[in-house]
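2 protein chains.
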Amino acid sequence: MKLYDLAGPPSPRRVRIFLAEKGVDIETVTVNIREGEHHKDEFTAINNRRTIPALELDSGVVLTEGDAIMRYIEERYPEPPLFGRDIEERAVVNNWLRIIENDGFMAVAEAIRNSIPYFENRAITGSRDVEQIPALSERGMKRIDFFFEDLDAQLEGKKYVTGDNFTVADINAMVVVDFAGMVKKEVPETCKNLLRWHAEVSERPSAKA
Amino acid sequence: MKLYDLAGPPSPRRVRIFLAEKGVDIETVTVNIREGEHHKDEFTAINNRRTIPALELDSGVVLTEGDAIMRYIEERYPEPPLFGRDIEERAVVNNWLRIIENDGFMAVAEAIRNSIPYFENRAITGSRDVEQIPALSERGMKRIDFFFEDLDAQLEGKKYVTGDNFTVADINAMVVVDFAGMVKKEVPETCKNLLRWHAEVSERPSAKA
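Chains as they are written, first to last, in the working numbering: chain A, 979 to 1187; chain B, 979 to 1187.
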């Protein structure tokens, strides 16, 4: 098993945090996106989507989506469970994973990739040229506020996103909140639950991964 | 367990197909979105995200995301397995679910919701007003072509999206291809694998669900 990784971007970071919470070490190869290594033949032969993270299994199968990578790790290394401890907790975790991805991660990604010059013609990750849409960046900024409000409401009376246990929903949500910092979006003072939770999960050793 | 459903839109359809493949019957309540029933108190008390499908569990927990609903059904009714039959097939199914969602479903949703007058100020599902961005609709149309190309390439030499077995990846991909018809996007003649596969999965009795 080999993980293609890079420090900095949010998508590989959540996989590293997940592995740190599991206490699992995997052989890791750094792919320097800033130097365009993901567009070179050596990497596209492994992942023609040209995205990081990618997990190459011993069979040669390559997983290119963080969600699939983390579910695979969960199944191989079940302890501690990060996708829920019973059928109902798993359901709530899965539900929040989609909300965090669609309302949180996508909003921040839209805000960033449709504005800064570095992503010109690469407004969506992958191998295709996709032009930036400035109005989408603005809309993303507004949606980040909605996401902060919703997550704050969810955290009312709860230690973690889905209840008493730290799960992959907390990992993904923390990474989104930190990712929003790249477009200078801070959690507003009114979102007290979110601020309390973010401070706490950021203290975990895994957050530095 | 109670499913809030509506014939027509793609998101509830994939849950119905999934249930049909499992042979599972669930008490179903129709929420007539076209008449605004999802904005009325009776429904927002159940799902304040105002989206369909929603699955209300006997405990009162409500799942609002199709992905979480189908994973819950899979765990309660494991046969036939639709999320893969072993750890590696599950990984590949999970990987393709994210690709189908991000590259396929989101592209079609962007194309539709940012163009037709019916979705004015509701360019994203949910309770918030979100304005349409016509350029995003155009970009979505282009991304549908990319998705068709990628799915066609994946289906080369394969009976189903992830190999020999029909899975939830086939359900979601079929629903996306049919959804694209709403913006008059047909699979091009050059995508022979995709046309062959789509004709075959559309013949399954579940496709009518």
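Don't take every hint at face value.
Once the Cα atoms are required to be at most 27 Å apart in a straight line, the calculated BS3-like pairs of lysine-lysine come out as [unchecked claim]:
| no. | chain 1 | residue 1 | chain 2 | residue 2 |
| --- | --- | --- | --- | --- |
| 1 | B | Lys1000 | B | Lys1018 |
| 2 | B | Lys1170 | B | Lys1137 |
| 3 | B | Lys1000 | A | Lys1018 |
| 4 | B | Lys1170 | B | Lys1136 |
| 5 | B | Lys1136 | B | Lys980 |
| 6 | B | Lys1163 | B | Lys1120 |
| 7 | A | Lys1018 | A | Lys1000 |
| 8 | A | Lys1120 | B | Lys1136 |
| 9 | A | Lys1163 | A | Lys1120 |
| 10 | B | Lys1186 | A | Lys1120 |
| 11 | B | Lys1137 | A | Lys1136 |
| 12 | A | Lys1137 | A | Lys1170 |
| 13 | A | Lys980 | B | Lys1120 |
| 14 | B | Lys1120 | B | Lys1170 |
| 15 | B | Lys1137 | B | Lys1186 |
So, partial list: chain B residues that the calculated Cβ filter (under 10 Å) puts toward chain A [what the hints assert, rightly or not]:
| no. | residue |
| --- | --- |
| 16 | Thr1022 |
| 17 | Ile1024 |
| 18 | Ser1037 |
| 19 | Ala1046 |
| 20 | Arg1063 |
| 21 | Ile1102 |
| 22 | Leu1114 |
| 23 | Met1119 |
| 24 | Lys1136 |
| 25 | Tyr1138 |
| 26 | Asp1142 |
| 27 | Asn1171 |
| 28 | Leu1173 |
| 29 | Arg1174 |
| 30 | His1176 |
| 31 | Ala1177 |
Okay, the calculated bits of chain B under chain A, using three or more residues with CB under 8 Å as the criterion [what the hints assert, rightly or not]:
| no. | segment |
| --- | --- |
| 32 | 983-992 |
| 33 | 996-1002 |
| 34 | 1104-1110 |
Since the hints were derived computationally from the structure, they do not count as laboratory data.
Glycine included, C-beta positions come from ideal geometry on N, C-alpha and C.
Quick rundown of the hints versus the structure:
1. Lys1000/B <-> Lys1018/B: Not OK: Lys1000/B and Lys1018/B at ~32 Å, beyond 27 Å, violated.
2. Lys1170/B <-> Lys1137/B: Holds: Lys1170/B and Lys1137/B sit about 13 Å apart, inside 27 Å.
3. Lys1000/B <-> Lys1018/A: 44 Å, violated
4. Lys1170/B <-> Lys1136/B: 12 Å, holds
5. Lys1136/B <-> Lys980/B: 36 Å, violated
6. Lys1163/B <-> Lys1120/B: 10 Å, holds
7. Lys1018/A <-> Lys1000/A: Cα-Cα ~32 Å, so violated.
8. Lys1120/A <-> Lys1136/B: 42 Å, violated
9. Lys1163/A <-> Lys1120/A: 10 Å, holds
10. Lys1186/B <-> Lys1120/A: 39 Å, violated
11. Lys1137/B <-> Lys1136/A: Violated, at about 46 Å.
12. Lys1137/A <-> Lys1170/A: 13 Å, holds
13. Lys980/A <-> Lys1120/B: 34 Å, violated
14. Lys1120/B <-> Lys1170/B: OK: Lys1120/B and Lys1170/B at ~19 Å, within 27 Å.
15. Lys1137/B <-> Lys1186/B: 20 Å, holds
16. Thr1022: Since chain A brings no Cβ nearer than about 14 Å to Thr1022/B, farther than 10 Å, the hint is violated.
17. Ile1024: Interface hint status for Ile1024/B: violated (14 Å vs cutoff 10 Å).
18. Ser1037: 6 Å, holds
19. Ala1046: 4 Å, holds
20. Arg1063: Hint on Arg1063/B: violated, closest Cβ of chain A at ~13 Å, above 10 Å.
21. Ile1102: With a closest approach of 8 Å, the Ile1102/B hint holds.
22. Leu1114: 6 Å, holds
23. Met1119: 12 Å, violated
24. Lys1136: Status violated, d = 14 Å.
25. Tyr1138: 16 Å, violated
26. Asp1142: 15 Å, violated
27. Asn1171: 17 Å, violated
28. Leu1173: 22 Å, violated
29. Arg1174: Violated, because the Cβ-Cβ distance from Arg1174/B to chain A comes to roughly 22 Å (cut-off 10 Å).
30. His1176: 22 Å, violated
31. Ala1177: With Cβ-Cβ at 27 Å, over 10 Å, it is violated.
32. 983-992: violated (count 0)
33. 996-1002: n = 0 at 8 Å, threshold three: violated.
34. 1104-1110: holds (count 4)
Going through the hint list in order, the structure does not satisfy hints 1, 3, 5, 7, 8, 10, 11, 13, 16, 17, 20, 23, 24, 25, 26, 27, 28, 29, 30, 31, 32, 33.
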